[in-house]
Structure formats: structure tokens, C-alpha cells
Amino acid sequence: MISTRRRARRATTVALVAGAALALAACSGGSSSSTTASADSSAGLQILIGSSGDTETAAVKDAVQAWSTSSGVATEVVVASDLSQELSQGFASGQPADVFYVGSDAFAGYAKNGSLLAYGDKLDNADDFYPSLVEQFSYDDQFYCAPKDFSTLALVINTDDWAAAGLTDADIPTTWDQLAAVATTLTTDGRTGLVFSGEYARVGAFMAQAGGGLLSADGTKVIASDAANTTALEYVKTQLGAGSFAYAATVGAGWGGEAFGKNLAAMTIEGNWITGSMTADYPDVKYKVVELPAGPAGQGTLQFTNCWGIAADSTQQDSAIDLVQYLTSTDQQLSFADSFGVMPSVESAADGYKEQLPEMAAFVDSASFAQNVVNIPGASDVISDFNSQLEGLATGDPAGILASVQTNLQDVIDNQ
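The opening position of the sequence shown corresponds to residue 1 in the working numbering, with each subsequent residue numbered one higher.
Simulated from the structure, these hints should not be mistaken for lab results.
Restraint ranges, calculated between C-beta atoms of paired labels, are given here:
| id | residue 1 | residue 2 | range |
| --- | --- | --- | --- |
| 1 | T188 | D54 | 32 to 40 angstroms |
| 2 | D189 | D140 | 51 to 59 angstroms |
| 3 | A242 | N113 | 41 to 49 angstroms |
| 4 | D177 | A126 | 36 to 44 angstroms |
| 5 | A242 | G352 | 37 to 45 angstroms |
| 6 | T168 | A126 | 38 to 46 angstroms |
| 7 | G241 | G352 | 43 to 51 angstroms |
| 8 | G243 | D318 | 54 to 62 angstroms |
Backbone N, C-alpha and C define an ideal beta-carbon position, used for all residues, glycine too.
Please build the complete structure, drawing on both the sequences and the hints.
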């Protein structure tokens, strides 16, 4: 992971992160219909978001209103029913919202086609963002947009299952061998020791722990076929074959959190968004969160993020930048964390986050060894194909799978 902001800015389109896991879901009860958002000076500053639910919507609206009252600038928060579609329509019409959520998977494409304002360096707190997040939202050596928040993957353990199996805190796994051992111990009829989604956005954590990934650390070279990645996939394949690991779909669950909540899994690998699901859907399940164990190369995980995009076509860019400055301040990000569980994107909020949510400390502590997922334009089809092949990993050929990813991703790079 890039350790300095200067080095992060040298990253171009091929920065490594996030993914798909922070879904910008539709939310009922928004402040407008799902028609395309458009902005003009008479309408005030318009903010388009893809909300995870009513709690996030209310928190964002309250924060924007507080800034509006202080600044005297009129605002409107629009909750998208399909964020990608509405953003695309706004850009195509030349009347996009002024400020909006941008997923890491969409960022590079919007930066490349000129839709986004590169304003990151204008923020007073530009140096406070985690360097890897700055890297994620940099294109052609420019820091484009402020990371809104982020999530990492960690190991989530059912503490009742753990105790019933005779395990203690001393058994919390810190290596692959230990993870395999406790997963075997926790596996019973009807319950698998470790269950996670069979996709790059989860299996990729093992690749990071082996010292691999899909792109080199500087984002210039495709490394999918490197031996480290084969080691990672071979490890996962072995445990899947042994029955101590399983994919969520295999046990009849839609994702790791569902398998965990229904006690089809004693452990899962998920991001901090799982806490909302556990509170809402499985409030009686007791659990703890710990850092993922180290692989042959040390600790590694994946991280996922969004940024506050500002339209290049906005007529109110100064106000938009001032709003983003407010929304990404330490105090405001801690308020968002308290409201709907997201992790602040600024390092100055880390201690406050852990004080507010000590049970979630493993997620923010994992930021120091987190790896970004691939977000280069055109890579989504490659990742989709990779995911399809990972579904058959239990009986598949890890080296062969990775060789095809190497070829396909190299083609994308060559055609940039």
C-alpha cells in the first residue's frame, strides 16, 4: 500500500481499491423523485446521493442543512433510485447535480471523460485522508475527489459458537494455519466454520495476504498470474474441499452476513456494513470482530470506498468545495459514523471512531494494511469473469483461472 500522499498522487488510473461492496442502494422516502438530477444557480446547490437507508439519508440531509444555514447557500438533497443511471443522464444532459456520491468502480471512467472536477488539492484537510484513499481517487497525477468514508474486510466470529467449541481468545487466528484449524473445529452438521462470498471482493483478501493482487503496488503492471496469487487460491481451494470453508451460495445464503446471521457459518469475512444487518435482522447473535490473519506475506485485506464528486459542469464549484470540506471534517465524519456506522476517511478521526465504536476497532486498524480493488475503466467485465471462475474454485485450476485474468486485464490496460 502506498504510504505517502505524494506517492499516492503518482498513481494514475490504475489505482487499486474498491469495489463493489459499498452498494449505493436506493432509498425510499427521498427528497425527490427518481428523475435525473439537474443543477442550476436558481435551484441552489444540488446533492445527489445513493443512500443505504433512511438513517443515512437523514444524517446527510441534516449535515447539508447545517452547512446551508451557516453558509447561506440554498441546498437540495436528492436520493437516487439508480445512482449510476442518474449520474450518467445528468452528465449527458450537461446538467448534473453539483455534488454526488461516486463509487470507486465508476471514478476512473468519469475522471477520464472529463465529468469530474479535480478539486482534492484545494481542500484544507487534503493531507488528512488515508493515503491509499487518495490514491484511489487520483487520476493522471491529480487528486480528484474527497473520499467520503470507507470500509475494510475483517473476520467476524460468533462468540457463542466459539465458546461452545472450547475456544478462547488465545485461539483467535493470526495465521492461515490457525484459521484453517479453528474453521475445522467450528464446522458441524449444518454449520461451516468460515463462510464468505465466492468473489474477488472477498477472496482477494487472501491474495493480498500472500503478497499478491491483480495489479502491482504502483498500478503499472498486471500481476494476476504471479505465484503469490496461486498460493492464495490454492489455500482457499484446499479449505473449500475440506468443508471447513464454504461460499455463501453453497450454504443457501445470499452473502456472508446472511450465512453468519442464520448460523450457517460460525465465522465470516465481511466489512463493517455487516453491523447494520446484524442489528436489524439478527439482533440476538453475539459476535466479535478481529483483524484477518496473516498469510505468507503478512496481513492484508481489501478496502472499499466512495468519494464526493463535484461536476466539472457545475456553476457553483466554490460552494460545492466548501460543502465537501464541511462534510469531510473530522467532527462531521464522526457524526456520520455514530449515525450509520461508516468509517471516517480521515486519519484524525481514527481514535474518535474507536472510542465511539470500540467493538469495530479491527476495521479501522486494518486500514494500515488494506489494498484497493481494481477500478480501471473497462475492468468490470474482467472482474465479472473472474468471479464466475471463482465460483468453481473448489474443483478448478487456480493457476489457469489466474492466467485468464492476467490476459484479460492486460488487454484492458493495453487499450487504455
